[in-house]
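Asks: For reference, the chains in residue letters:
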Amino acid sequence: MAETMKLEIFRYRPEKESEPTFQTFEVPFREDWVVLDAINHIKDEIDGTLSYRWSCQMGVCGSCGVMINNVPKLSCAAFLKDYYPDKIRIEPLTGFPVERDLIFEMDDFMTKLTEIQPYIIRKEGEEKPLDEGEYLQSPAELAHFKQYSMCINCMLCYAACPVYALDSTFIGPAAIALGQRYNMDSRDQGRDSRQELIASHEGIWECTFVGECSAVCPKDVDPAAAIQRAKVSSTVDWFKEVLIPWGKKK
Amino acid sequence: MARSNEPIWWSLFSAGGMVAAMVLPVLIVITGILMPFGLAGDDPLNFDRIHSALSQPPIKLIIFTVISLPLFHWAHRFRFTLVDVGLKSVSTLIAVLCYGLAIAGTIVSAVILWNI
Amino acid sequence: MGEKEMSTYIRSVPNTWWMKRKPYFLFMIRELTSVFVAGYCIFLLVLVYKLTQGVEAYSNFVAAMRSPTSVALHLIALAFVLYHTITWFNLTPKILVLYRGEERIPQGLIAGTFYVGWLVVSILVAWLVLGV
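Protein chains in written order, with the working numbering: chain A, 1 to 250; chain B, 1001 to 1116; chain C, 2001 to 2132.
Hints listed in this document are in silico derivations from the structure and should not be mistaken for laboratory results.
We put the CB at the ideal spot given by N, CA and C, even for glycine.
Among the hints, a few may not be true.
[Unchecked claim] Here are some of the chain B residues that sit facing chain C, going by a computed Cβ distance under 8 Å:
hint, residue
1, P1025
2, T1031
3, F1047
4, P1057
5, V1066
6, W1074
[Claimed, not checked] Computed list of lysine-lysine pairs in DSSO-like fashion (alpha-carbon distance at most 27 Å, straight line):
hint, chain 1, residue 1, chain 2, residue 2
7, A, K16, A, K43
8, C, K2050, A, K146
9, A, K219, A, K146
10, A, K219, C, K2050
11, B, K1060, C, K2050
12, C, K2022, A, K87
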């Protein structure tokens, strides 16, 4: 007798309901299946109206983030066998408005990513002309920021963050980690410009170091550490500006 | 620059947290276990000994630090805790109350220690 | 666009969010340790105050520290303050990220240094206070 498993999935169809509901599906249990496989099975065989995001199926595109039993996970990285035989509850990532079923609005996140100025910024007159060749960087210099460059923009960290859930004006873990990726890049000179956002009230100072963002990150980016380090450097800046006001601001 | 003034409170929070982490456990063991159960030698907290110790400025400074900084640690942490449980609408009032209490405690301890 | 915005569903977050998962609960406990930290500092403040009120007031206060209530409160405070100490030191490697060339200095080494420092400070304080 083939084994099965139950998936209780968040449904929201704005054209026919004003409140979301949960719908339970029974899917085959396969040892090598991940939750995404089960959801694809539902879409193909049971209910074609189920809407959700996915792409690479291998944990690099960041599309398939969902809440699985209240924990933010990539559906392509969560194995059915880790939950079997219990029922799994699947919901859209916490903290974001829901468009339809498991699809949430990510506009706020996209806006914040662009506002952090995620590109190399050089000071006036310090841009290296092309004929002088590329900016050189040693392996040690790369090591300083490499971890923060591994973000796949999956937003699991935002879903795990209680501060963001309570107040969506918080810039959030991934955006700050991305800012730090550039701040710590030896080729970059744009830290002061990013500080407007990072050191603001909606930036690092809303973070209370819960640390769940780093715990759920599938790429070990450790955004929590990026934020705490930004607190330290911003504090040093603050004291410098207050105690040495005549010092030239870079 | 939209510079927030949070750094000053965060610095006090960090310093207070470090002081509390390092010094409070042993003190609690002394006043809560060793001393009550007579394991702390021959009445080390007796009036004359402690009074003469606390009459010295360096000792006053140390005691002042041990009392004041952890109060700021509490103020900052508790302020955010109250916001996290849903009191965001009165966050400014909470901040004023928490830091205000820490400042009050600091002033009171300074005055008391000064007058020993 | 207006119609689409109206139909987007916003889920509310209950104020009891921290009770829903263990990591959040432990976070809240960590945050609440600050109350016991402040409580003990107030206790120290009262002790110092009693010192200014004369031998009898001070000695009575020290004697009261022997009561079961005082010991019980101390033990509860100790549990919370120890939780503060441990979570505090364990988080230091997140803030103190140090490199030797390409290699990151191991997190255990950083936290371990603070634990050693804690031992040294504790012995020093005990020696100073108890005059052993």
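Asks: Provide an ascending list of the numbers of those earlier hints which the structure does not satisfy.
Replies: Of the numbered hints, 4, 8, 10 do not hold.
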